[in-house]
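Modelling step: build the complete structure from the supplied sequences, incorporating the hints.
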Amino acid sequence: MKIYYFAWVRDYIGYPYEDISCPKTVKTIEQLAQHLKDQSDGHRRAFQDLSSIRAAKNQKFVANDSEVSDTDEVAFFPPVTGG
Amino acid sequence: MIKISIQNEEFDVTAEIKQLSSKSIGAIATFSGMVRDGSKDSSLISLTLEHYPGMSEAALEEIAQKAKKEWSIDSITIVHRVGRLKPEEMIVFVGCASAHRHAAFDGCQYIMDYLKTDAPFWKAEETKDGTTWVSERENDKAAKRRWHLEESN
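Chains as they are written, first to last, in our numbering: chain S, 1 to 83; chain L, 1 to 153.
A few of these clues could be false.
Distance condition first, Cα-Cα at most 30 Å in a straight line; then the derived BS3-like pairs of lysine-lysine [what the hints assert, rightly or not]: (1) L:K68 / S:K57; (2) L:K141 / L:K69; (3) S:K57 / L:K66; (4) L:K144 / L:K68; (5) S:K2 / L:K123; (6) L:K86 / L:K141; (7) S:K60 / L:K123; (8) S:K57 / L:K141; (9) S:K57 / S:K2; (10) L:K69 / S:K60; (11) L:K3 / L:K69; (12) S:K60 / L:K68; (13) S:K60 / S:K37; (14) S:K57 / L:K123; (15) L:K69 / S:K57; (16) L:K66 / L:K18; (17) L:K144 / S:K57; (18) S:K24 / S:K57; (19) L:K141 / L:K40; (20) S:K37 / S:K57; (21) S:K60 / L:K3; (22) S:K37 / L:K123; (23) L:K141 / S:K37; (24) S:K60 / L:K144; (25) L:K141 / S:K60; (26) S:K37 / S:K2; (27) L:K144 / L:K86; (28) L:K144 / L:K69; (29) L:K3 / L:K144; (30) L:K3 / L:K18; (31) L:K66 / S:K60; (32) L:K3 / L:K68; (33) L:K23 / L:K68; (34) L:K3 / S:K57; (35) S:K37 / S:K24; (36) L:K86 / L:K18; (37) L:K86 / L:K3; (38) L:K66 / L:K123; (39) L:K18 / L:K69; (40) S:K60 / S:K24.
In case anyone wonders, no lab produced these hints; they're calculated from the structure.
What follows is the structure, given as structure tokens:
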């Protein structure tokens, strides 16, 4: 699964992108976030408070309970602040 | 016509307006967003804008399409800059061209309200104390809700 990180989520994790294969138990965005949280100290800090993180699947905003599969492009980032 | 551009370079407001104009256009409403120094001691050095390439263009296109569906707007231009900007530089330009002013004004405001909450851009402020990511504003979410045109994300 291709995973992108932006803004302070990326800063904590230390890189903007990773390609991982998830255990079968990961079926939703929230489960993916929980899985990623255990990957490193940086991931733990980034995913500490899931309510402060937003997600996109295949470049569309999605809710935490949205389903994910290995072929999806997923991104995690803070609430947007453009304009 | 819809024109979306995400770019590092400065944009020229006069040139953008000229591009939007044609014989049937009676009104062009525009919005320019600027880098503002909101720090307590006026110590903003720069504002760095980051985006999600691919998704950001698609999100702006979708917002423009929705505005065109809602109002009688002929052409829309959205230019959003990314990269490191200095105070007083321009960040964003929105222009709506229509036969009459109300559609142009409303469309322009609608696009900015949705851009603030539905397009993947992030700002980091650099001051003498370091660099911090800008937090979302409750006001922006409220501004979007007032349109009541559809369900929000």
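Hint by hint, here is what the structure shows:
1. L:K68 / S:K57: The hint holds at about 26 Å.
2. L:K141 / L:K69: Judged against 30 Å, a Cα distance of about 22 Å means the pair holds.
3. S:K57 / L:K66: 21 Å, holds
4. L:K144 / L:K68: At roughly 17 Å apart (the allowed maximum being 30 Å), L:K68 and L:K144 satisfy the hint.
5. S:K2 / L:K123: OK: S:K2 and L:K123 at ~24 Å, within 30 Å.
6. L:K86 / L:K141: 26 Å, holds
7. S:K60 / L:K123: 20 Å, holds
8. S:K57 / L:K141: 22 Å, holds
9. S:K57 / S:K2: 10 Å, holds
10. L:K69 / S:K60: Holds - the C-alpha atoms of S:K60 and L:K69 are around 20 Å apart, at most 30 Å.
11. L:K3 / L:K69: Holds, at about 16 Å.
12. S:K60 / L:K68: Given that 30 Å is the threshold and the Cα spacing comes to 21 Å, the pair holds.
13. S:K60 / S:K37: 22 Å, holds
14. S:K57 / L:K123: Given pair S:K57, L:K123 holds - Cα atoms ~22 Å apart, limit 30 Å.
15. L:K69 / S:K57: Holds - the C-alpha atoms of S:K57 and L:K69 are around 26 Å apart, at most 30 Å.
16. L:K66 / L:K18: 23 Å, holds
17. L:K144 / S:K57: 22 Å, holds
18. S:K24 / S:K57: 18 Å, holds
19. L:K141 / L:K40: Holds, because 24 Å separates the two Cα atoms, which is no more than 30 Å.
20. S:K37 / S:K57: 18 Å, holds
21. S:K60 / L:K3: 20 Å, holds
22. S:K37 / L:K123: 24 Å, holds
23. L:K141 / S:K37: 28 Å, holds
24. S:K60 / L:K144: 18 Å, holds
25. L:K141 / S:K60: Satisfied, since the Cα-Cα distance of roughly 18 Å is no more than 30 Å.
26. S:K37 / S:K2: 16 Å, holds
27. L:K144 / L:K86: Judged against 30 Å, a Cα distance of about 28 Å means the pair holds.
28. L:K144 / L:K69: Holds, because 17 Å separates the two Cα atoms, which is no more than 30 Å.
29. L:K3 / L:K144: With a Cα-Cα distance of about 22 Å, the restraint between L:K3 and L:K144 holds, given a limit of 30 Å.
30. L:K3 / L:K18: It holds: about 13 Å lies between the C-alpha atoms, which stays within 30 Å.
31. L:K66 / S:K60: Given that 30 Å is the threshold and the Cα spacing comes to 16 Å, the pair holds.
32. L:K3 / L:K68: 12 Å, holds
33. L:K23 / L:K68: 19 Å, holds
34. L:K3 / S:K57: Holds. L:K3 to S:K57 sits at ~25 Å (cutoff 30 Å).
35. S:K37 / S:K24: 16 Å, holds
36. L:K86 / L:K18: Satisfied, since the Cα-Cα distance of roughly 26 Å is no more than 30 Å.
37. L:K86 / L:K3: 25 Å, holds
38. L:K66 / L:K123: 25 Å, holds
39. L:K18 / L:K69: 23 Å, holds
40. S:K60 / S:K24: Measuring from Cα to Cα gives roughly 23 Å; hence the hint holds.
Every hint from the earlier list agrees with this structure, and none is contradicted.
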